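Number of protein chains: 2
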Amino acid sequence: MNTIIDFIHTNRDRYIDELKAYLAIPSISALPEHAADVRRCAEWTAEEMRRVGLDHVQLYETPGNPIVCGEWLKAEGAPTILFYGHYDVQPVDPIELWESPPFEAMVRSGEIYARGAADDKGQVFMHLKAIEAHLRQTSRLPVNMKIILEGEEEVGSESLDAFIRDRRDELSADVVVISDSPMFDRGVPSICYGLRGLTYFQIDLRGTASDLHSGSFGGAVANPAFVLSQVLAQMKDRGGRVKVPGFYDAVRPLRDEERAEFKKLPFNEKHYRTELGAPKLFGERDYTTLERVWARPTFEVNGLQSGFTGDGAKTVIPATATAKVSMRLVPDQEPDTIAKQFEDYLRKVTPKTVALTITRMHGGRPWMTEFDNPYVQAAARAVERGFGQQPVFNREGGSIPVVATFQEVLDLPSVLFGIGLPDENAHAPNERLDLGNFHNGIIASAYLYDEIGRLTGHAATAESGGG
Amino acid sequence: MNTIIDFIHTNRDRYIDELKAYLAIPSISALPEHAADVRRCAEWTAEEMRRVGLDHVQLYETPGNPIVCGEWLKAEGAPTILFYGHYDVQPVDPIELWESPPFEAMVRSGEIYARGAADDKGQVFMHLKAIEAHLRQTSRLPVNMKIILEGEEEVGSESLDAFIRDRRDELSADVVVISDSPMFDRGVPSICYGLRGLTYFQIDLRGTASDLHSGSFGGAVANPAFVLSQVLAQMKDRGGRVKVPGFYDAVRPLRDEERAEFKKLPFNEKHYRTELGAPKLFGERDYTTLERVWARPTFEVNGLQSGFTGDGAKTVIPATATAKVSMRLVPDQEPDTIAKQFEDYLRKVTPKTVALTITRMHGGRPWMTEFDNPYVQAAARAVERGFGQQPVFNREGGSIPVVATFQEVLDLPSVLFGIGLPDENAHAPNERLDLGNFHNGIIASAYLYDEIGRLTGHAATAESGGG
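The listed protein sequences correspond, in order, to chains A and B.
Per the working numbering, the first sequence runs over residues 1 to 467.
Per the working numbering, the second sequence runs over residues 1 to 467.
The shape of chain A in the complex, shown without the other chains (with noise of 0.2 Å):
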């Protein structure tokens, strides 16, 4: 591994020009106006990677835009590692906000200045760049590699999960590698074992025909925003466990070790809550902030609408209530059991007075990868090579759909290696990455390989899987 470390040391300026390259296209993927610049990427992409070296790189057209793919399978009896990115970027409105042009990267502090450069073009390169190291002194990877690059992840990745469903043998692999997220905090790499899950709804409840004077006909009928407010307050106990039965039935329980392990974390509550603007902040008595945000299941109102909501006083009954409403899922948590669950309780709490209509929305399975699993080891050895310290392990509370793809298409476990900051703002003005980090993170990458190509291959999954 020296050599290849050493050639990763010398050409350090040389990736921070490419990855400038790179930045420079504006493969905005939710506006219709940079369709071909989007285009333009996906086959910039596609020339690095035939540029480092990676084998039958090709565009595969979808209904969307472009998936890239290329490969290098030559590691005999070697793991396989599947590894995803995307080469599409958030829009950069509000534009007037940026410190400098977001397509013109420039390097400010150590940190270079674009968007997509933590999100996720910058660690998209980060593999790109220790894959060349590796081919250019050795000739070849310690590991076999898949590379699935999409173009839609920005705008809901609709054409990813058909394309891995119709593939599900072409990419068969031993794990999935993803650097598509923040490290716990500056100077704390990490690596995210567990993603939360979701269900979502809307909720309507319809009292009468059409909104009427509450003079006139207050105390003749029920009150559908009355009645929204009494069915949701039904939903947690003031204590903020969730009352929907059967709700935490399939909830696997916070290891020792894990609750051992985020208290390690460098995390400052009253910071947090300043930061945050809450007066308070609450939740399930007997689990920490981390562990609430983290591990344990949640029932939150996203949006609430009815009645009158203008300026002044209007005194009507509103003829409707709508609610926007979703769960935040752990393993094992099933979204259709938990929709299902949650479905009759609210059937069952809502009074006659009112017609309830329910529609689900959307939902995603929550995802974990013990972080005992060898996989996860060898990040963790990886990641310490890199960054000259010890990971973290640390869950997210958010949801990440292709790895629940991942894991029930392709039934592999995934390995979250993310190297950008929590404050490097990958969907606000003046987005950023850390020089440092991306430096560490090539050598880092360069040694997840080399860690990989050591496991047996298969063999390492025997403990993997989540909910």
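Don't read these hints as lab results, they were simulated from the structure.
In this text, all values refer to a predicted model and were calculated from it rather than measured experimentally.
Just to be clear, a hint being listed does not mean it is correct.
Put simply, identical chains are the same to the list, so a pair is met inside one copy or across any two.
What the hints assert, rightly or not - Pairs of lysine-lysine residues, derived as DSSO-like cross-links and limited to a Cα-Cα distance of at most 30 Å, are as follows: (1) 340 x 243; (2) 352 x 20; (3) 348 x 264; (4) 340 x 352; (5) 314 x 352.
Starting from the known structure of chain A, arrange chain B on it as the hints suggest.
Structure of chain B alone, referenced to chain A:
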């Protein structure tokens, strides 16, 4: 009275022609482009008042539209009626739904169609024609009359309150007569003896400085949309009874006579429910629907707004949640007392996880003149003469702020003697007035002055007054 009634019968068609001229003036107070029409209407009204024989008719300028006053004060020893009405009308949009132009009054099937026919020009004109009949036939009125007609009723009567307070002495009288409300139903002439009051609030809860991602932060903080639901749910119990401590303390119980009177009314619960399109009627136990709407206080949620309310799903924890809420009040609830009780209770039940802001929007006192009040009974006899049947005594669930003002500032009882019908589209396209009711209303008004004239002034007020 016979010559007077003969005169009214003889002039039936002339009244309709004159009313058409009155209805032709588009005195829409809500639209600045009709300001000149509003003034023209005030002048037309004043001219008509002079024509029928009233004295000292003049326009009083206000910061808004002129108030037209006139009087006839030569019935020495007799009581004084303060007659209130308004000459402004509602806008006409959506104009395309009108079957004939709103300011070209047309008679179809015994009804006159025009904006203002029922609300309130037709009912004002009915009184002017009754006054005219008395003065033409006998050169006198059996009562003293003070008339006050405003031009801002449809936009909140902003100038009226100060006008009344400034002229407390000039407006002294024994009873207020208002004809600006519907009768209970077609063929059911009625006298309204009670109105509900109101106290209205906006409630704002803030959880965090900005909206949060429900994945990254769900479980860390209280969700203000959920907290709002919890808080609102504590305002009423399952049976529809308001839980604000002290809320019912001042409520004047329904008298057996009132309940008996309400039971006589032709009211079909099933038809009412079907018309509203409600799955069920609902409200406080042990009260009928009419009792609940007319004589019981309520708590209503008038609006809800929080977080994401567009199409689709957005996984947000809202930073804020807002509700508009109001309580309808009945005698002898005081809006200020109830407002304070509500605010205290709201502060008590709102958890410290959110910041609470309460904004008191507006309020109005409930009003009631017991229906055995001599003026109310005089009006009942007059209606029986005009319509050939005894009127029913009803209350209304809404408010007419001016009634509370007359009670509060002038300490006068009011007689609400309306001849509109509930389905005459007072604020909607195709407003109309039944010409049979108009004609009978002129006769009833003529008798009303006679009946009140027979009462001894001042002494008759002994039983007046409400909450």
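Checked hints:
no. : hint      : verdict
1   : 340 x 243 : within (14 Å within a copy, 33 Å between copies)
2   : 352 x 20  : neither (62 Å within a copy, 49 Å between copies)
3   : 348 x 264 : neither (43 Å within a copy, 38 Å between copies)
4   : 340 x 352 : within (20 Å within a copy, 33 Å between copies)
5   : 314 x 352 : both (26 Å within a copy, 29 Å between copies)
Violated hints, listed in ascending order, are 2 and 3; each of the other numbered hints is respected by the structure.
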